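*Asks:* Each chain is listed here by its residues.
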Amino acid sequence: DAKTTQPPSMDCAEGRAANLPCNHSTISGNEYVYWYRQIHSQGPQYIIHGLKNNETNEMASLIITEDRKSSTLILPHATLRDTAVYYCIVRVNFGNEKLTFGTGTRLTIIP
Amino acid sequence: DAGITQSPRHKVTETGTPVTLRCHQTENHRYMYWYRQDPGHGLRLIHYSYGVKDTDKGEVSDGYSVSRSKTEDFLLTLESATSSQTSVYFCAIRRGTGLPDIQYFGAGTRLSVL
Numbered sequence: 001d002a003k004t005t006q007p008p009s010m011d012c013a014e015g016r017a018a019n020l021p022c023n024h025s026t027i028s029g030n031e032y033v034y035w036y037r038q039i040h041s042q043g044p045q046y047i048i049h050g051l052k053n054n055e056t057n058e059m060a061s062l063i064i065t066e067d068r069k070s071s072t073l074i075l076p077h078a079t080l081r082d083t084a085v086y087y088c089i090v091r092v093n094f095g096n097e098k099l100t101f102g103t104g105t106r107l108t109i110i111p
Numbered sequence: 001d002a003g004i005t006q007s008p009r010h011k012v013t014e015t016g017t018p019v020t021l022r023c024h025q026t027e028n029h030r031y032m033y034w035y036r037q038d039p040g041h042g043l044r045l046i047h048y049s050y051g052v053k054d055t056d057k058g059e060v061s062d063g064y065s066v067s068r069s070k071t072e073d074f075l076l077t078l079e080s081a082t083s084s085q086t087s088v089y090f091c092a093i094r095r096g097t098g099l100p101d102i103q104y105f106g107a108g109t110r111l112s113v114l
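If you're matching them up, the sequences are chains A and B in order. Using the numbering used here, read the first sequence as starting at 1 and increasing by one per residue. Using the numbering used here, read the second sequence as starting at 1 and increasing by one per residue.
Same shape as in the complex, but just chain B (with noise of 0.2 Å):
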């Protein structure tokens, strides 16, 4: 267990709607990451973070921007979500910044645009 929340755990919205997934830390990580998951495409990077107010984006980081005020909150969010952003969602952590760069991973969140 990396000390990591996600919530909420199961969503279900509408297109359009605007949506705020939150990754919780309780180990005072500087890292930490936003994955989705979807059949086919194994996980894929969405945006991470390397410190309060420091983040970068990910392979996948069209349609989703994300918020670090501080170090144990790390918000995605869905400015208006599409059924394309229909996935699960993982938020990961790196313990430590050096040698091994190891990533721990949350219990996920399941979203659904409909």
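Chain A with its partners taken away, still in its complex shape (with noise of 0.2 Å):
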């Protein structure tokens, strides 16, 4: 799996878009972006995937970036219940079963 980087940490403000960077410059062309969040605590939650294209559910949207080396996720109105960790993860889709999750970006949403 392609190594990424992430900032440790970034605070918004409440009811703000949410932009959470992730580099991936060495991601080969079979692999998928993963984002993915934890609240203290609790177990990790998928957020959204993509390959190419940029793509957008109901929790946020991901921003690819046409050469692939880097991505986005957006959290369009931030709440206080979005302050986690986040982890972007990147993986070919089968032929690997784990999950590698780095150190994330722990974000912190102000009131």
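Hints in this document: simulated from the structure, not taken from any laboratory. Certain hints may be false.
Claimed, not checked - Cut-off 25 Å, straight-line C-alpha distance, at most; resulting in silico cross-link-like pairs (SDA-like, lysine to any residue): (1) A:Lys-52 - B:Asp-101; (2) A:Lys-98 - B:Lys-70; (3) B:Lys-53 - B:Pro-39; (4) A:Lys-98 - B:Arg-110; (5) A:Lys-98 - B:Thr-15; (6) B:Lys-70 - B:Gly-40; (7) A:Lys-3 - B:Lys-70; (8) A:Lys-98 - B:Thr-17; (9) A:Lys-3 - B:Glu-59; (10) A:Lys-98 - B:Thr-20; (11) A:Lys-98 - B:Glu-14; (12) A:Lys-98 - B:Pro-39; (13) A:Lys-52 - A:Arg-81; (14) B:Lys-70 - B:Arg-9; (15) A:Lys-98 - B:Gln-85; (16) B:Lys-70 - B:Pro-39; (17) B:Lys-11 - B:Ser-69; (18) B:Lys-57 - A:Lys-69; (19) A:Lys-3 - B:Gly-40; (20) B:Lys-57 - B:Thr-5; (21) B:Lys-70 - B:Val-60; (22) A:Lys-69 - B:Thr-15; (23) A:Lys-98 - B:Gly-40; (24) B:Lys-70 - B:His-41; (25) A:Lys-3 - B:Arg-44; (26) A:Lys-98 - B:Glu-72; (27) A:Lys-98 - B:Val-60; (28) A:Lys-98 - B:Leu-78; (29) A:Lys-98 - B:Val-19; (30) A:Lys-98 - B:Thr-13; (31) A:Lys-3 - B:Glu-72; (32) A:Lys-52 - B:Glu-59; (33) B:Lys-11 - A:Ile-39; (34) B:Lys-11 - B:Arg-44; (35) A:Lys-98 - B:Ile-102; (36) A:Lys-52 - A:Thr-26; (37) A:Lys-52 - B:Thr-5; (38) A:Lys-98 - B:Asp-62; (39) A:Lys-98 - B:Arg-9.
Just so you know, these numbers come straight off a predicted model, no measurement behind them.
Assemble the dimeric complex from its two separately framed chains, guided by the hints.
*Replies:* If you want it as structure tokens, here you go:
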């Protein structure tokens, strides 16, 4: 799996969009980008994934650059409940059952 | 909610005693996983299962065994618990066997080995 780099921490004001960057410059053509988050003391929660195109679901949007070397997770209207550690994971879809969580970004939503 | 229940949620035990953690799912998924999470190490895969009686090792399988005698239950056993096995243990399932390959996690079991 490709290595990912995320800022260790970020703050965002409540109600504003939270933009979380991830660098994955060594990504290969068959590797997907996944985002998970972990709210304190809870199990990791899947947010969104993508391969090449931008994706949106009810939780967030994922913007992947054209060269696929970086991506941004966007939480459009952050709430206090979005305070969590966010993990960007890059992996092939099959032949590798392990999800490798790095250190992630600790996002704090400020009231 | 992916229909995953882990039990117990908290356990304190003594070194050398056997411990079994249970992961129960209600949605009949084929793939199930056990991870442990420790400060400074993130989540690490212990074992996983791809069907009844079909299991394989992850990256930190030493000291752990698993069993899957029916689809809904995946058991993790510490045959003789050690203090280094103090951790938070998460069970996960994969919905389906095709794309996308997304894992959903349970609430975790916090295990302390004294």
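*Asks:* For each hint, tell me whether it holds in the structure or not.
*Replies:* Comparing the hints with the structure gives:
{"no.": "1", "hint": "A:Lys-52 - B:Asp-101", "in the structure": "holds, 16 Å"}
{"no.": "2", "hint": "A:Lys-98 - B:Lys-70", "in the structure": "holds, 22 Å"}
{"no.": "3", "hint": "B:Lys-53 - B:Pro-39", "in the structure": "violated, 32 Å"}
{"no.": "4", "hint": "A:Lys-98 - B:Arg-110", "in the structure": "holds, 21 Å"}
{"no.": "5", "hint": "A:Lys-98 - B:Thr-15", "in the structure": "violated, 29 Å"}
{"no.": "6", "hint": "B:Lys-70 - B:Gly-40", "in the structure": "violated, 34 Å"}
{"no.": "7", "hint": "A:Lys-3 - B:Lys-70", "in the structure": "violated, 36 Å"}
{"no.": "8", "hint": "A:Lys-98 - B:Thr-17", "in the structure": "violated, 28 Å"}
{"no.": "9", "hint": "A:Lys-3 - B:Glu-59", "in the structure": "holds, 17 Å"}
{"no.": "10", "hint": "A:Lys-98 - B:Thr-20", "in the structure": "holds, 22 Å"}
{"no.": "11", "hint": "A:Lys-98 - B:Glu-14", "in the structure": "violated, 30 Å"}
{"no.": "12", "hint": "A:Lys-98 - B:Pro-39", "in the structure": "holds, 18 Å"}
{"no.": "13", "hint": "A:Lys-52 - A:Arg-81", "in the structure": "violated, 29 Å"}
{"no.": "14", "hint": "B:Lys-70 - B:Arg-9", "in the structure": "holds, 21 Å"}
{"no.": "15", "hint": "A:Lys-98 - B:Gln-85", "in the structure": "holds, 20 Å"}
{"no.": "16", "hint": "B:Lys-70 - B:Pro-39", "in the structure": "violated, 33 Å"}
{"no.": "17", "hint": "B:Lys-11 - B:Ser-69", "in the structure": "holds, 24 Å"}
{"no.": "18", "hint": "B:Lys-57 - A:Lys-69", "in the structure": "violated, 31 Å"}
{"no.": "19", "hint": "A:Lys-3 - B:Gly-40", "in the structure": "holds, 17 Å"}
{"no.": "20", "hint": "B:Lys-57 - B:Thr-5", "in the structure": "holds, 22 Å"}
{"no.": "21", "hint": "B:Lys-70 - B:Val-60", "in the structure": "holds, 24 Å"}
{"no.": "22", "hint": "A:Lys-69 - B:Thr-15", "in the structure": "violated, 46 Å"}
{"no.": "23", "hint": "A:Lys-98 - B:Gly-40", "in the structure": "holds, 18 Å"}
{"no.": "24", "hint": "B:Lys-70 - B:His-41", "in the structure": "violated, 31 Å"}
{"no.": "25", "hint": "A:Lys-3 - B:Arg-44", "in the structure": "holds, 16 Å"}
{"no.": "26", "hint": "A:Lys-98 - B:Glu-72", "in the structure": "holds, 21 Å"}
{"no.": "27", "hint": "A:Lys-98 - B:Val-60", "in the structure": "holds, 11 Å"}
{"no.": "28", "hint": "A:Lys-98 - B:Leu-78", "in the structure": "holds, 21 Å"}
{"no.": "29", "hint": "A:Lys-98 - B:Val-19", "in the structure": "holds, 24 Å"}
{"no.": "30", "hint": "A:Lys-98 - B:Thr-13", "in the structure": "violated, 28 Å"}
{"no.": "31", "hint": "A:Lys-3 - B:Glu-72", "in the structure": "violated, 34 Å"}
{"no.": "32", "hint": "A:Lys-52 - B:Glu-59", "in the structure": "violated, 29 Å"}
{"no.": "33", "hint": "B:Lys-11 - A:Ile-39", "in the structure": "holds, 21 Å"}
{"no.": "34", "hint": "B:Lys-11 - B:Arg-44", "in the structure": "holds, 20 Å"}
{"no.": "35", "hint": "A:Lys-98 - B:Ile-102", "in the structure": "holds, 11 Å"}
{"no.": "36", "hint": "A:Lys-52 - A:Thr-26", "in the structure": "holds, 15 Å"}
{"no.": "37", "hint": "A:Lys-52 - B:Thr-5", "in the structure": "violated, 34 Å"}
{"no.": "38", "hint": "A:Lys-98 - B:Asp-62", "in the structure": "holds, 16 Å"}
{"no.": "39", "hint": "A:Lys-98 - B:Arg-9", "in the structure": "holds, 23 Å"}
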